[in-house]
Amino acid sequence: MDASTAGGMTLAERILARAAGRDRVAAGEFVVAEIDLALMHDIFAAQVFDLLGEAGVEAVFDPDKTVIVIDHLVPAPSAAAADIHHRIRQHVSRQGIRAFYDAGEGICHQLLPEQGHVRPGMLIVGTDSHTTTYGALGAAGTGIGTSDMVYALATGRLWFRVPETIRFELTGELAPAVSWKDVILHLAGTFGADAAQYRSMEFGGPAIGGADMASRLTVSNMAVEMGAKFGLFPADEITDAYLRDQGGPGSDAFGPDPDAHYEALHEISLSALAPQVAMPHEVDRVAPVDDVAGLAIDQAFIGSCTNGRIEDLRAAAAVLHGHHVARGVRLLVAPASRAVLQEAMSEGVLASLVDAGAVVLAPGCGPCFGGHGGLLGPKERCIGTHNRNFIGRMGSSDAEIYLASPATVAASALAGHIADPRDLEVALAR
Amino acid sequence: MPADVFRGRVWRFGHDISTDVLSPGQYAVDPVDVRKRHVLESINPAFATGVEAGDVVVAGRNFGCGSSRETAAENLKALGVACVVAESLARIFMRNAVAVGLPVMICPGVHEAFTDGDDIEVDLGSGRVSGGAHGSSLLGEALPEEMRTILAAGGMLAMLRSQTH
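Taken in sequence, the protein lines are chains A and B.
Using this note's numbering, the letters of the first sequence map in sequence onto residues 1 to 430.
Using this note's numbering, the letters of the second sequence map in sequence onto residues 431 to 595.
One chain only, chain B, in its complex shape:
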């Protein structure tokens, strides 16, 4: 499925990036156009203004840890992030990403292999991640078909609408 392959430019972040920095609490009830301007601002202030549609977020372990706030995933999607690839993903963040239609994948080694500005290609179906300055090719965990089906539908709300109408 071609929709499972993403090519883009890398923004790299570290380990244990929490929902408190992906969606700071003080903007919790603000509209997404406000919330997205503060994504990761305490870690890389250039991100929210510099990220372009199709860019890929690469991160270390436990990306999205913390609260259940879905805005953490929704904000990244609203900024145009095509895909998040991390050494590991916090469970609720992973679930929420799928629920809002933001592609995500787990790929050990990805944090070491890529840096800001690299080109990257991510294949959710095979788990293959390639690109970077040294031509890396890594095998991550292919996203299970059940989750790719929800992504393809556009998320859980789109699934629900298709079932109720």
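Only chain A is shown next, with the shape it has when bound in the complex:
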């Protein structure tokens, strides 16, 4: 569809127009755009560097626009993983890449915002589907594969189809014990895992003024679970304050044009929302937690690029403090970064978690993607704060994964079964 040559632009169109050196672009167009930041993690980095060499490319287009994070195989669960890490370190050193985060520093999608690499308006590509996370700061982040990354690192450019945009106008206020994880699960359940395929999701409305940066990162992170290319929030005073807190310059407001063209606009009130869970084996099989409360669990997982931030650990600790997880339940906690772990230590959050029986894992991705460090056996059931519950995702194909907020996962760990954090005392007494 030709989205007209007049009228305003969505956030996605504004960013792609700027990156393509154009006054304006419209949904459906193909553009070649300059990359502001390229991210690779340890699953793909060594291979991409090798392919670059095979293509005869000696140096990446800009080592200061390249970020490398070792986060998936941390600490190295095998000799092969350790060897891959070794090769990555050699490549990083040879390429002169300064933004390199070695094993234990954290998960890429936490580190890039936390360490000040992400600015509103940027176009960011990463060899990871959850690169949409940076939309929380008004940056167009999207996942690509290794061949596209080789091309991007060689040339600094990549082709993009300008996506149509679906606008989510959010109103109302969240009830106590309900979080923005519940909001994005609710959106996935309502609209479906395919609803935003090839499209940009744009979040707005008065309710986003109540969403801190951690909450926005959670929402943008899971935009890809609805198929989205980008999951964009405008940059506002919350963005400005976050950027200053990270020690960088603040940001002017950056949003869509008021007369932007949207493929669809959904207005959703959050006031009546209950805690949500995604049920096996699709992220869009979503129900209020009460529908599945009482299902026994074997493992509870708090962490991942979706919900491993200090705000998430605080929410879990608030539920767990002074209690102990139910007999037979394994509670795993993986802080999203070293900085998160340090904050959790200094605030006493870590003590609350460990006293409650949590096993604290290294900052990283291990159990979430089924790599290592907390996998599931046949017939086991896990409830976690992560982003995918696909069949076989965390080990056995006969295991079940439920996705929920940190408060719901913590309440379930205490109860020994899926539990509504609002009914915690009832659940414990049962």
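All clues given are correct.
Covered stretches of chain A (in silico footprint by chain B; criterion: 3 or more residues with CB under 8 Å from a CB of chain B, positions within the stretch not fixed):
no., stretch
1, 192-203
2, 359-373
Ranges between beta-carbon positions, derived for each pair:
no., chain 1, residue 1, chain 2, residue 2, range
3, B, Asp463, A, Pro288, 42 to 48 Å
4, A, Pro75, B, Ser472, 27 to 33 Å
5, B, Gly444, A, Pro288, 24 to 30 Å
6, B, Asp546, A, Asp290, 39 to 45 Å
7, B, Thr479, A, Arg314, 48 to 54 Å
8, A, Gly156, B, Asp463, 29 to 35 Å
9, B, Ile473, A, Pro288, 29 to 35 Å
10, B, Thr479, A, Asp257, 50 to 56 Å
11, B, Asp463, A, Arg94, 26 to 32 Å
12, A, Val32, B, Gln456, 35 to 41 Å
13, A, Ser78, B, Ala476, 29 to 35 Å
14, B, Gln456, A, Leu265, 39 to 45 Å
15, A, Asp252, B, Gly444, 46 to 52 Å
In case anyone wonders, no lab produced these hints; they're calculated from the structure.
The C-beta atom is built at its ideal place from N, Cα and C for all residues, glycine as well.
Please arrange chain B on chain A, whose structure you already have, making use of the hints.
Leaving out everything else, chain B in the frame of chain A:
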């Protein structure tokens, strides 16, 4: 362009086929000759051994959803799959397929119209899909010329080599 037309035998799959089944994580760093033996094994164990060069994969909605792993597309290409036609394709899978030179197309209705073993003809340039037991003829979404250009070049790495040498 004749290179945009594919005729072959159908292998049909359902909705939301994820990268976790197209390229299971436990073989993530294995060579393609190992990886391709496990493609879709948890859904149709006969596929990886029975698929022949030129066969066509037909699928439902959201084919290739999940991670950004390019091996999902690369594995299918290594098995000789000529083309993937689905009700819809996950964005990154579609992008990766083009990047590795695996032809793909979106065609609503294709999942209903075809079943395993049918003959199918797919025209990327016009979007036309035809064949099947009932002689179906469907109009899908022609693959944009920009993507067909990359496919014709053999993928993004081949494009890069042609630009750097």
